[in-house]
Amino acid sequence: DIQMTQSPSSVSASVGDRVTITCRASQGIYSWLAWYQQKPGQAPNLLIYAASSLQSGVPSRFSGSGSGTDFTLTISSLQPEDFATYYCLQTNTFPLTFGGGTRVEI
Amino acid sequence: QLQLQESGPGLVKPSETLSLTCTVSGGSLSNTDYYWGWIRQPPGKGLEWIGVVYSSGNTYYSPSLQSRVTISVDTSKNQFSLRLTSVTAADTAIYYCARLRYYFDRGGPNSDFDYWGQGTLVTVSS
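If you read the sequences in order, they're chains A and B.
Quick note on this note's numbering: the first sequence kicks off at 177 and runs consecutively.
Quick note on this note's numbering: the second sequence kicks off at 103 and runs consecutively.
Treat the hints with caution; some may be incorrect.
According to the in silico footprint, chain A covers these stretches of chain B (three or more CB under 8 Å from chain A) [said to hold, decoys possible]: (1) 145-151; (2) 155-168; (3) 205-217.
Just so you know, these hints were derived from the structure itself, not from any lab.
A virtual CB, placed ideally from N, CA and C, is assigned to each residue, including glycine.
Using the sequences and the hints given, assemble the complete structure.
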């Protein structure tokens with residue numbers, strides 16, 4: 177199975193800050209990686225697909241990069257509505273695996 | 103607009119079988135570009151992939167759950183279902199159904215879960 181190691185597990189930030197979250201795969205997954213945002217009481221919402229493509233309707237302050245084993249989600253200027261938990265997901269190989277999550281808090 | 107809706111009992115006794123159904127509207131389960139899947143989330147914890155099913159009935163499961171899980175599809179009803187046997191308190195979670203899409207991006211294949219149901223809490227308790 178491919179393990180997804182996500183870091184940090186939590187980050188404290190302020191409105192306007194630049195926030196970076198990383199995911200490392202235990203083996204190469206090309207660009208088969210997606211990023212999700214989850215707010216309390218809601219289902220996960222797709223932000224980034226294919227490692228770096230912005231899902232329709234997602235603000236441009238979100239961006240993704242990386243390929244192979246190392247991936248990054250960046251929020252360029254944190255907004256109040258961005259305080260949430262973020263997950264990466266690899267879909268290169270079954271079983272699919274999520275990262276452990278990163279909680280972005282004030 | 104595609105919508106997915108989970109349904110099923112919110113309370114299951116230990117050692118019994120958890121059964122959930124996901125009803126899909128606004129799209130067809132027979133579409134060959136998609137798998138249909140289940141993901142769960144224990145209270146306060148992260149996301150865990152359970153498995154997926156294709157319209158043909160082909161399935162992939164999490165190795166940790168494979169001995170207890172069955173995912174099936176009923177294209178005539180536009181529904182797919184999850185069965186998890188011999189449940190324990192560790193199976194208490196919010197269960198989500200979702201669509202796994204396959205597509206080409208920048209010349210290469212890829213996939214992700216793009217549509218999700220709202221989730222349903224299943225508690226395992228006597």
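(message) When the structure is checked against the list of hints, which entries are broken? Sort them ascending.
(response) none
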